[in-house]
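So for the sequence shown, this note's numbering puts the first residue at 5; every next one is plus one.
Worth double-checking, as some hints may not be accurate.
[To be verified] Restraint ranges, calculated between C-beta atoms of paired labels, are given here:
#1 Phe-282 / Ala-494: 43 to 49 Å
#2 Leu-47 / Gly-166: 43 to 49 Å
#3 Asp-374 / Arg-56: 25 to 31 Å
#4 Ser-77 / Arg-449: 36 to 42 Å
#5 Ser-31 / Glu-220: 16 to 22 Å
#6 Gly-490 / Gly-74: 18 to 24 Å
#7 Gly-89 / Asp-374: 36 to 42 Å
I should point out that these hints are in silico values taken from the structure, not numbers from a laboratory. Just so it is clear, the structure is predicted and the values come from calculations on it, not from any experiment. Yeah, the Cβ is synthetic: ideal placement off N, Cα and C, and Gly gets one too.
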Amino acid sequence: MKLLLDMNRNDAMVALFEGLRSAGVASEATIIVSTVAEQGRLLSRGVPVGVRLVSHEGLCAPLDDARAAGAWSDLLASERRAFFGGAMRWVYGTRWMVARSARGRFFREEMQYSRREAEQLVSACWWRVRCLFDELTPDLVLLEGVANLVQFAISEMAHARGIPSLFLAPSRIGTWMTIATSPHDDASFARERHQALRDGATPSAEAIAVVDRVVERLRSGTAELHDAARAAPAKLSAHRALGRIAARIGSRTPAANQRTLVKRPQDAGLVEEVARTFVRRKLMRSTFAFDDLPRDRPYVLLPLHSEPETALSLNAPHITSQAELACALAFALPFDHCLVVKDHPSMFGLRAPAYYSRMKQRCFNLLVVDPESNGVPAAAGAACVATVAGTLGLEALLLGIPVLLFGLALYQEVTGVVRSGVTQRLPQDVRAALDLTSVSASIARDARLFALALIENSAQVPWHTELKDRPQDYEYDGIEFRRFSGLVEAALTRTLGRARSRPLER
C-alpha cells in the first residue's frame, strides 16, 4: 500500500511509516514536510527506503503565467468550487499575524491576503496537489486533520478521486490520538462505540483505568485534560531539553508561515519569540489588572482559542472575531450572571495591549482572568462553559458542567451540549444550556462513556509532547505502533465499506 502522509510532525511521520511498514500496513510513503529547508535536513540524515519527501513550501510556490491560467480554469470547474469556496474563505478571511520587528516594536500585527494574492495561492496549491496525485497514485491518505491549505487541498483531491482518507486527531486526553474519517469529525469511529456503551456494552479495563484517572485529577483541579491521562510525567534530561530548544531556533520564519499557511503565529524562531512575548507580557501585566473569579454571582466561562486556528477558520467560519463573540454572549446572559473570559495561554503576549480592555469597556458584566491560570477550576465553578470547539468543553462535560458550543467539536453529541450560533436565538440557547445544570450527574455519566469510547479507539502516539521539536537522536520506543497500525487497518476496512463525507459538509 502506498501512503500519502501529512501530519505537521516531520520526524514523527518518518517513524510512523517505519512502524506501519513493520506491521505490514504500508510499503511506500510520500511525506509532506513543512519547508524546503526541513526537507533538506531530513534527506541529509537519511530516510528509510520507500520514503519520498515533499514540502508545503514547494506545493504553495507561485506558478508561471501559463500554468497559473490553466490552474485557475481547472479550479473554476463546477466540481472544484467546493474547494475554492472553502479555501478562499480560509485564506482571504483569516487575519494572519506577522512580526513587525523592523519598526522597533515587540508586538505582532495582523495582515490579510488581498483577494488576488489569495486566488493565486489557492490555485497554485490546487494545481500542484493535483499533479502530486497524478504522479503518486496513493492508495491511502493519512492526515493530521486539516490545519493548513495543503492538507485541505489533499483531503478534497482524495475525495474527488475516491481515495480513502483517514485523519489522525488528538483525542484531547493526554497523549492519546484517535482515527477519524473526516477532518471535521474527530470522533466518527468513537461515536459508534459511544452509542454501543450507552446501549450496555462493556468497556475495556484499560479505558476504565485511564478515564477514571482523568476524572479524578480533573475533579481535584490539579491538572488539565492534556496532562491528566499520564500515569507519570516523563522526565526530560538536560541534553534533550537543549536539543529541543536548538531544533526550534530559527526553524520557521514569519515569511515561511505566510507562504505555507502554518496556523500558529508562535512558530517563528524561538529566541526572537521568547524575547518578544516576555516583553509584551510584562507590559500587559503592568497596564492591565486581570480579574479574580466571581464568588458572589454565577458566571459563564468563555475560553478563547489561539489565532489563527482551524477551529475558527474552518470549523466555525461564522466566528469572525472572538472579542465580538464575547460581547454578544455577555449581552445574552441573564441579568444576574457575568461572563468570565480566559484567553488561550499561548496568545498571552501576542494580543494587542487594548484587546482585553476594549471588551471590558463595552460589557459591564464581563471579567477577564489571567490567561496563564488553570482553566479547570474556573470551569468547575461555572454554571456553563461556552466555547467554539475547545478542549475545556470536554473537561467541563466530564465534571458535569453543560457546554454551549459555537463550532464543531469531537464531543458535540454528548449529553449536555447545546449547539448555537451568534444569532438572535443566542439568549434562548444560553438559557437552554443553563437549564441543564439540573442534570449534572447525567452529563458527567454520558461524558465518561464518550471518553471511554474515545480511549478504546485511540493509541498513545505523543505527537504533542515527546515527538514535537525533540532532539534528532530521540528513540521512538514509547509509541504504540502496533496498536496504532491496528487502528489504521480497522479504520481503513470500515472506511471502504461506507460512503465518505466531504470535508466541507457540516
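- prompt: CB of Gly-490 to CB of Gly-74, is that within 18 to 24 Å?
  reply: violated (43 Å)
message: Between the beta carbons of Ser-77 and Arg-449, is the distance compatible with 36 to 42 Å?
response: violated (55 Å)
field: Distance restraint hint 36 to 42 Å, applied to the beta-carbon atoms of Gly-89 and Asp-374
entry: holds (39 Å)
Phe-282 versus Ala-494 beta-carbon gap, inside 43 to 49 Å or not: Since Phe-282 and Ala-494 have Cβ atoms about 46 Å apart, the given range 43 to 49 Å holds.
message: If I claimed the Cβ atoms of Leu-47 and Gly-166 lie 43 to 49 Å apart, would that claim hold in this structure?
response: 32 Å Cβ-Cβ, so the 43 to 49 Å window is violated.
query: Okay, Ser-31 versus Glu-220 on CB: inside 16 to 22 Å?
result: At roughly 44 Å between Cβ atoms, Glu-220 and Ser-31 fall outside 16 to 22 Å, so the hint is violated.
Asp-374 paired with Arg-56, Cβ distance criterion 25 to 31 Å: violated (47 Å)
Checked against the numbered hints listed earlier, the structure breaks hints 2, 3, 4, 5, 6; every other hint is satisfied.
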